[in-house]
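Asker: Single-letter residue listing:
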Amino acid sequence: MFSGLWYSLKKAVVQIFRNKGMSIASLFSITAMLLILALFFAFTVNVNYLTEQVKDEFNTIVLFLYDDATTEDAYKIATSIESMEQVDSVKYVSKETAMEEFKHSWGDNAYLLDSLAENPLPNSLRVELADIQGGSLVAQVAYGFSSVEDVRFYREEVDKVLKISSVIQKSALVVIVFLVIVSVMVVSNTVKLTVLARQEEIEIMKYIGATNWFVRGPMFVEGMLIGLISALIALGIASILYVKLEAGLQVDMMTLFATTLVDSKFVIINFAWIFVALGVSIGACGSIISMRKFLKV
Amino acid sequence: MIDFKNVTKVYGEKVVLKDANLHIDDGEFVFIVGPTGAGKSTLIKLISREIEPDEGDIVVDGKVIDDLSNREIPPFRRQIGMVFQDFRLLPNLTVSENVAFAKEVVHSSKKTIKRMVPQLLAMVDIEDLSDKFPDEISGGEQQRVAIARAIANNPKYIIADEPTGNLDGETAWAIMDLLDQINKRGTTVVMVTHASEIVEKMRKRVITIQSGRIISDVKPGGSTDV
Ligand SMILES: Nc1ncnc2c1ncn2[C@@H]1O[C@H](COP(=O)(O)OP(=O)(O)O)[C@@H](O)[C@H]1O
Ligand SMILES: [Mg+2]
Chain A
1 MFSGLWYSLK
11 KAVVQIFRNK
21 GMSIASLFSI
31 TAMLLILALF
41 FAFTVNVNYL
51 TEQVKDEFNT
61 IVLFLYDDAT
71 TEDAYKIATS
81 IESMEQVDSV
91 KYVSKETAME
101 EFKHSWGDNA
111 YLLDSLAENP
121 LPNSLRVELA
131 DIQGGSLVAQ
141 VAYGFSSVED
151 VRFYREEVDK
161 VLKISSVIQK
171 SALVVIVFLV
181 IVSVMVVSNT
191 VKLTVLARQE
201 EIEIMKYIGA
211 TNWFVRGPMF
221 VEGMLIGLIS
231 ALIALGIASI
241 LYVKLEAGLQ
251 VDMMTLFATT
261 LVDSKFVIIN
271 FAWIFVALGV
281 SIGACGSIIS
291 MRKFLKV
Chain B
1 MIDFKNVTKV
11 YGEKVVLKDA
21 NLHIDDGEFV
31 FIVGPTGAGK
41 STLIKLISRE
51 IEPDEGDIVV
61 DGKVIDDLSN
71 REIPPFRRQI
81 GMVFQDFRLL
91 PNLTVSENVA
101 FAKEVVHSSK
111 KTIKRMVPQL
121 LAMVDIEDLS
131 DKFPDEISGG
141 EQQRVAIARA
151 IANNPKYIIA
161 DEPTGNLDGE
171 TAWAIMDLLD
181 QINKRGTTVV
191 MVTHASEIVE
201 KMRKRVITIQ
211 SGRIISDVKP
221 GGSTDV
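Chains as they are written, first to last, in the working numbering: chain A, 1 to 297; chain B, 1 to 226.
Possibly wrong hints are sitting among the right ones.
Derived pair list, reagent style EDC-like, types lysine to aspartate or glutamate, alpha-carbon separation capped at 20 Å [said to hold, decoys possible]:
hint : chain 1 : residue 1 : chain 2 : residue 2
1    : A       : LYS11     : B       : GLU97
2    : A       : LYS20     : B       : ASP57
3    : A       : LYS20     : B       : ASP135
4    : A       : LYS170    : A       : ASP159
5    : B       : LYS45     : A       : ASP159
6    : B       : LYS5      : B       : ASP57
7    : A       : LYS11     : B       : ASP131
8    : B       : LYS219    : B       : ASP57
Listing some non-contacts, in silico: residues in chain B with all C-beta distances to chain A over 10 Å [stated by the list, open to error]:
hint : residue
9    : SER41
10   : SER48
11   : PRO75
Simulated from the structure, these hints should not be mistaken for laboratory data.
No experiment lies behind these values; they were computed from the predicted model shown.
Cβ atoms here follow ideal geometry from the backbone N, Cα and C, with glycine treated the same way.
Make the full structure from the sequences, and use the hints.
Answerer: This is the structure in structure tokens:
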């Protein structure tokens, strides 16, 4: 068994070099397909990531309290809101703390706030949601307390982001499935051409008394090897491009979305296993499918 | 031993071989002659189990070969060395790799292959061409490679379909010499040919086919029995 595998591997390598034209054609088509796939994968992963960031950002509901509400009132509200299953945690922020934070966000210009005679900010409760969809329910409950003056949350914004990202995810999935199908077709056609060119060769092998597996083995390994090499080429190109893109977009992304692209290490690791798995199986399937009908001599 | 027992082969409406009876003993040298389209290649393909008869049985060494399962066909073919008019070498393999391939198919050890291939090439007088590819050598040389490959596994039978058909007279005779030598060492040779000159000079058994029928079978002694 092992010597059979070794034999196939050696034959496959020799054949790949001697059939340069066909090998390069298969190599090129698999690599191209994997790269297009990489583009959509990277896009989807980043949209997901951005959505998560946005969700986190909008995960907070702020309940503003009337000035005459006591800390005890605030505590009561906090306990009952915190017991809701949609809620992760509730934090009391006094008007003084709020002012501190406000000043902090003004940075060097904070001194301008010193002239305020009185702190205009209200005491508040910051509610971290466990489930972003539960926002409106929590708001509704909060309005029921007489000490709650106002509730601020980002229902519409969140809904919009979720809707857009779900549309993007779904269409990317459709495109990826479509691409995989197309690439299997393209590759199996390329391999079919290779096998067609070898039809005579296969016949001769059968005349000499070769078993089907003796003929198939090296071609099978050859398909997998071409798939593997394509995967590695695609991985190299995609990784370099992604790292470049990540560096190039860093500043723009930061100002626009207050975040960066998904970490290149994560993306590249995923590229690696997706490409290798897909490339090898496309190569193997391609050669098996296209060889079947020629082995009946 | 090869026996045809009332063998008929039909392609669609066309009867290509009709009720053929034939007995070839071990060690014989047999020519199969007849006009183009007579059914000579069909007869050969029946022996190598490339096609199956519609009626009758073909028996090789006591075994009805129509009954061979798919698993049994490769081992069966290994005891038949095939030689064709168009040589049928593997174009991507060198001369020595082409010969080695036949030995790889029967899982010979690397050592055996390394030792045997030069010997085989020497037997057909082309040891100096071992690293050439088929398209770099002449027709006669290609046919020598094909013969070396055919005898690589020391087969019981050599079946040759017009092996000299693409070769000039002198080259053809060199190939005939080789086949004769192989036969003298005990291998049964069945050879289809058009070349009447070769058939006359070789003085071997001659089976004539016309329109799918065996019309004569002349043994070297001169007796005719059909
Ligand atoms: N696969 C096939 N399908 C249909 N007809 C065939 C096939 N192979 C051979 N024939 C026909 O059978 C007849 C005999 O062919 P063949 O045995 O090749 O003749 P030859 O004596 O020239 O070698 C020819 O008329 C040929 O057209
Ligand atoms: Mg013929």
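Asker: Does the structure keep A/LYS11 and B/GLU97 at a Cα separation of 20 Å or less?
Answerer: holds (11 Å)
Asker: Is the straight-line distance between the alpha-carbon of B/LYS5 and that of B/ASP57 20 Å or less?
Answerer: Holds, at roughly 5 Å.
Asker: With the threshold set at 20 Å, check whether the alpha-carbon distance from A/LYS170 to A/ASP159 stays at or below it.
Answerer: Holds - the C-alpha atoms of A/ASP159 and A/LYS170 are around 16 Å apart, at most 20 Å.
Asker: Does B/ASP135 sit within 20 Å of A/LYS20, going by the straight-line distance between their CA atoms?
Answerer: holds (17 Å)
Asker: Are B/LYS45 and A/ASP159 close enough, with their CA atoms no more than 20 Å apart?
Answerer: violated (74 Å)
Asker: Take a quick look at B/SER48 and tell me if its Cβ sits farther than 10 Å from every Cβ on chain A, holds or violated.
Answerer: Non-interface label fails for B/SER48: nearest chain A Cβ at 7 Å, not farther than 10 Å.
Asker: Keeping to a limit of 20 Å between CA atoms, is the pair of A/LYS11 and B/ASP131 held or broken?
Answerer: holds (17 Å)
Asker: For a C-alpha distance cap of 20 Å, please report whether A/LYS20 and B/ASP57 respect it.
Answerer: violated (46 Å)
Asker: Does B/ASP57 sit within 20 Å of B/LYS219, going by the straight-line distance between their CA atoms?
Answerer: violated (23 Å)
Asker: Does the no-contact call for B/PRO75 survive, Cβ to all of chain A over 10 Å?
Answerer: violated (7 Å)
Asker: Would you check whether the claim that B/SER41 is not at the interface survives, using Cβ distances to chain A and the 10 Å cut-off?
Answerer: Label holds. Min Cβ-Cβ 13 Å, cutoff 10 Å.
In terms of the numbered hints stated before, the structure departs from hints 2, 5, 8, 10, 11, listed from lowest to highest.
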